[in-house]
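For the protein sequence lines, the chains are S and A, in the order given. No gaps in the numbering here: position 46 of the first sequence is 49 in this note's numbering, and each next residue is one more. No gaps in the numbering here: position 118 of the second sequence is 128 in this note's numbering, and each next residue is one more.
Among these hints, one or two may not hold up.
[Said to hold, decoys possible] Subject to a maximum C-alpha distance of 20 Å in a straight line, what follows is the list of computed EDC-like cross-link-like pairs (lysine to aspartate or glutamate):
id	chain 1	residue 1	chain 2	residue 2
1	A	K257	S	D23
2	A	K77	S	D121
3	S	K136	A	D260
4	S	K214	S	E138
5	A	K125	S	E430
[What the hints assert, rightly or not] Distance windows between CB atoms, simulated:
id	chain 1	residue 1	chain 2	residue 2	range
6	S	I26	A	L76	20 to 28 Å
7	A	V105	S	E339	52 to 60 Å
8	A	Q79	S	A133	28 to 36 Å
9	S	P303	A	I304	33 to 41 Å
Hints are computed from structural coordinates only; laboratory data are not their basis. All C-beta atoms in this analysis are idealised placements derived from N, C-alpha and C, irrespective of residue type, glycine included.
As a plain string of letters, each chain reads:
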Amino acid sequence: MKLFPITGLALLALFLGSCDKSIEQASLSPYVPAGLDANGGQWKTYVLGSPDEVAVAAPKAANSTEYLAEIAELKTTVSKLTDAQKDRVQFWSAGGVYRWNELARTLAANYNLPPVYDEVQKKYPVPDAANPKAEPKFPFCNPPYASRMFSYLGVAQYDALVAAWKYKYLYNRAAPGKNDATLKPLLAVTDLPSYPSEDAVVAAASLEILKLMFPGEVDKLTAFYEEHRNARIWSGANTRSDLDAGDALGKAIAAKVIARAKADGMGAANNQAAVPAMIADAKARGLKTEWVSLDIPARPPMLPTFGNVKTWNFTDAQKVAMRPSPPPALGTAAFEKDLNELRGMASRITRNEHRIASYWSDGVGSYTPPGHWNREAANLTRKYKENELRAARTMALVGTTLMDAGIACWDTKYYYYTPRPFQVDHEVRSTIGTPNFPSFTSGHSTFSGAAATVLAYLFPTEADAMNALALEASTSRIYGCIHYRSDSEVGLEHGKAVGQYAIKRAQADGAGL
Amino acid sequence: MTLFSTFPISNRIVRLFACGAVAALSGTSSVLAQTPTDGIMMGKHLICNVLSYSNSQWDTYWEGTLKRQNGNIGTFVNQNVTAMSAYGLTKNLNVMAALPYVWTHSTGGHFSGQKGLQDLSLWLKYRAVKAEGKAGTFAAFVTGGVSFPTTNYIPDMLPFSIGIRSKTASVKGVLHYKLHGFYLTAHAGYLFRSNIHIDRDAYQANGQIYDTHEVEVPNAIDASARLGYINKHVQVEGYVENMTTRKGDDIRRQDMPFPTNKMDMTSVGGMAKVHIYLKNGSFFSLVGQYGRVIAGRNVGESTMYTLGVQHTFNVTGK
Numbered sequence: 004m005k006l007f008p009i010t011g012l013a014l015l016a017l018f019l020g021s022c023d024k025s026i027e028q029a030s031l032s033p034y035v036p037a038g039l040d041a042n043g044g045q046w047k048t049y050v051l052g053s054p055d056e057v058a059v060a061a062p063k064a065a066n067s068t069e070y071l072a073e074i075a076e077l078k079t080t081v082s083k084l085t086d087a088q089k090d091r092v093q094f095w096s097a098g099g100v101y102r103w104n105e106l107a108r109t110l111a112a113n114y115n116l117p118p119v120y121d122e123v124q125k126k127y128p129v130p131d132a133a134n135p136k137a138e139p140k141f142p143f144c145n146p147p148y149a150s151r152m153f154s155y156l157g158v159a160q161y162d163a164l165v166a167a168w169k170y171k172y173l174y175n176r177a178a179p180g181k182n183d184a185t186l187k188p189l190l191a192v193t194d195l196p197s198y199p200s201e202d203a204v205v206a207a208a209s210l211e212i213l214k215l216m217f218p219g220e221v222d223k224l225t226a227f228y229e230e231h232r233n234a235r236i237w238s239g240a241n242t243r244s245d246l247d248a249g250d251a252l253g254k255a256i257a258a259k260v261i262a263r264a265k266a267d268g269m270g271a272a273n274n275q276a277a278v279p280a281m282i283a284d285a286k287a288r289g290l291k292t293e294w295v296s297l298d299i300p301a302r303p304p305m306l307p308t309f310g311n312v313k314t315w316n317f318t319d320a321q322k323v324a325m326r327p328s329p330p331p332a333l334g335t336a337a338f339e340k341d342l343n344e345l346r347g348m349a350s351r352i353t354r355n356e357h358r359i360a361s362y363w364s365d366g367v368g369s370y371t372p373p374g375h376w377n378r379e380a381a382n383l384t385r386k387y388k389e390n391e392l393r394a395a396r397t398m399a400l401v402g403t404t405l406m407d408a409g410i411a412c413w414d415t416k417y418y419y420y421t422p423r424p425f426q427v428d429h430e431v432r433s434t435i436g437t438p439n440f441p442s443f444t445s446g447h448s449t450f451s452g453a454a455a456t457v458l459a460y461l462f463p464t465e466a467d468a469m470n471a472l473a474l475e476a477s478t479s480r481i482y483g484c485i486h487y488r489s490d491s492e493v494g495l496e497h498g499k500a501v502g503q504y505a506i507k508r509a510q511a512d513g514a515g516l
Numbered sequence: 011m012t013l014f015s016t017f018p019i020s021n022r023i024v025r026l027f028a029c030g031a032v033a034a035l036s037g038t039s040s041v042l043a044q045t046p047t048d049g050i051m052m053g054k055h056l057i058c059n060v061l062s063y064s065n066s067q068w069d070t071y072w073e074g075t076l077k078r079q080n081g082n083i084g085t086f087v088n089q090n091v092t093a094m095s096a097y098g099l100t101k102n103l104n105v106m107a108a109l110p111y112v113w114t115h116s117t118g119g120h121f122s123g124q125k126g127l128q129d130l131s132l133w134l135k136y137r138a139v140k141a142e143g144k145a146g147t148f149a150a151f152v153t154g155g156v157s158f159p160t161t162n163y164i165p166d167m168l169p170f171s172i173g174i175r176s177k178t179a180s181v182k183g184v185l186h187y188k189l190h191g192f193y194l195t196a197h198a199g200y201l202f203r204s205n206i207h208i209d210r211d212a213y214q215a216n217g218q219i220y221d222t223h224e225v226e227v228p229n230a231i232d233a234s235a236r237l238g239y240i241n242k243h244v245q246v247e248g249y250v251e252n253m254t255t256r257k258g259d260d261i262r263r264q265d266m267p268f269p270t271n272k273m274d275m276t277s278v279g280g281m282a283k284v285h286i287y288l289k290n291g292s293f294f295s296l297v298g299q300y301g302r303v304i305a306g307r308n309v310g311e312s313t314m315y316t317l318g319v320q321h322t323f324n325v326t327g328k
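Okay, chain S solo, but in the shape it has when bound (with noise of 0.2 Å):
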């Protein structure tokens, strides 16, 4: 009798041990398109002089030798396909645009670490693109860089399916499944002329665009690339021609689009000897501490010349002129109630205004404030329905604010060097943990109200929940102890304003809302 317990309890063990407590994430389901956009070849582009600067050869008629060839290959390829052949292709008819997007999430993720204080050499190693699989890995993900990362991918996307839709509706082939009913297509088939593959277009294009930007990572890019177009075939949605025709196109506007983000200015964008300088001239502006790094040892300011680097959606002059004025200065009665407003808030705040700066906090290790918002902005992309090259324009409007909030923050930041509550009084510890730059204005405001901005535009009905989005970004700061309210509040109507260049680009680029 006495063996019974035990008996129980080893098989309790055994249960419990057996247990599958993997995660599960909800699967995406393939969408028909809200609408096809068939002027979508006449959008305005970002980089483009014109939607057919790059030439696509015409493709060969639907009753040649050559495509009905490629046909069969596909009636064979759909009739033989494995579970996981099925499986990649339910994973890419999520969309190509939102995939890519959210690799580029993954990796911005992975990559946002800061390098480790170098014990012999006495400082901060620099990460090295040429060099990009060394520690400290190439690139430090942060969110200038995601930012900027972010709205390269979301533009070359864009341009190469304006150019796709441009030479869709000029040659018109038929999707596969429509020039042979005997041919039966795992995915929902529509009106949209299939030459040349806009997902061809996609994958090449990001693949070029996240090479640059993760050098360390070609293989995995490569693999998901190949597995990108492989999907098309398998599903019995593009030929080959269709998808060969696509790939040429995004690799060549890719390079345009590389071309302009080798001469952003990105590359000075790290320049610590600029900073003195900078110190110099906030203190002659009437600064009176200046900020310091609260890292220990003591690290470079982040980017600090990154308000430098070239804006998408307004000019330099208009940067300046809406930079924020300057905040309270320390020691005035204004700063004071700042400041005293954050003096015991890690005790005293609740477990929902904690949630709030949690959620938000987009730290080290995260995809950054810029991931979180294109997070946002793809799954609106997906909850609307919206086509490749719809999706893509949303995308490129958001990636592109979001840098030019990040640029102007930046600018700010470093115009002002004003320092972290932290620094001004030790007893504000944070909850969340401060980063490594001066605290006016604050990033996540400004890249909140930029997105949010932006969002709410092209989603009207969405507009009071972005808004509130953001706003609740903002705050998060102020709960997690590491920006003043006058960061937050200032940072936040910086950002809306930079949104609104965005949304002008958006009246006037040929796509309506």
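With chain S's structure known, arrange chain A on it following the hints.
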């Protein structure tokens, strides 16, 4: 606690509070203490209430397998006050409960510490085998325990979080041998830890992004061996123990710990206890323990001490 606060306190320090119950009280020949992993039982109707203070700190930790220090943490300090009770339902079946209040802080950097009531632990302990003879006393026990968080504390800010909010269930087997007061006790157990929900709805683990609040927490195996001496007045003991998670990822370079991490550790230590008898038949015990982590992965190289006082008496007044 020695880990980044990630295991319920029960598994780490409860054994310190060994509720001594002695022959004078129980009317039996057993000179006993009581934890989920020791070789001792409370007599029927005996109750033991414990209050203890623990302090665990480290300035060195394992980032994955890399041992390092971090100026942004300096010395990390985790303290707790724990209330625990054990009660003899029968001479072979005991029930135990423990609830700690935990607070954390670091001496370096700019992070705020956290504090709060952590997880309530409950166990049943059953003595399945007892054999006495000239060659000593041999006993075998099984314990089953559960724990669950009592407050909505924040699990997503390790090492500062006071716990990880996992609900746990554990099964342990204990073998105990005693001769002339000297004893050897060994245990092995399996700890099932439920997945948790964090405030964020997207996070990175295992190199990928999870678009959900849910976080997988790895299960763990624990084992210990302890050698000691016990009599009516004192108990001393040396121990080695190990906790190994079944899976999990490593802390990435210069990143923070996360509940998905594989957190393994081996620690050694010693414990001493003295009993002070009152005229009413009850007694107080004073307990001290010192321990140290000697090997680990994704945990702090902690040094820990505990001080406790316990009061044991018969609830029937006998």
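Consistency of the hints with the structure:
For a cut-off of 20 Å, the pair hint linking K257 of chain A to D23 of chain S stands: about 13 Å separates their Cα positions. Taking the CA atoms of K77 of chain A and D121 of chain S, the gap is near 15 Å; set against the 20 Å cutoff, the hint holds. For the hint pairing K136 of chain S with D260 of chain A, the CA-to-CA distance comes to about 18 Å; that is within 20 Å, so the pair holds. Of the pairs offered as hints, the one joining K214 of chain S and E138 of chain S holds, with about 18 Å between alpha carbons and a cut-off of 20 Å not exceeded.
Of the pairs offered as hints, the one joining K125 of chain A and E430 of chain S holds, with about 16 Å between alpha carbons and a cut-off of 20 Å not exceeded. About 27 Å separates the C-beta atoms of I26 of chain S and L76 of chain A, a value consistent with the hinted range of 20 to 28 Å. Look at V105 of chain A against E339 of chain S: about 56 Å separates their beta carbons, and that is inside 52 to 60 Å. Distance hint check for Q79 of chain A and A133 of chain S: the Cβ-Cβ separation is about 31 Å, which falls inside the suggested range of 28 to 36 Å.
Restraint check, P303 of chain S to I304 of chain A: a C-beta distance of roughly 37 Å satisfies the suggested window 33 to 41 Å.
Violated hints for the displayed structure: none, as all numbered hints are satisfied.
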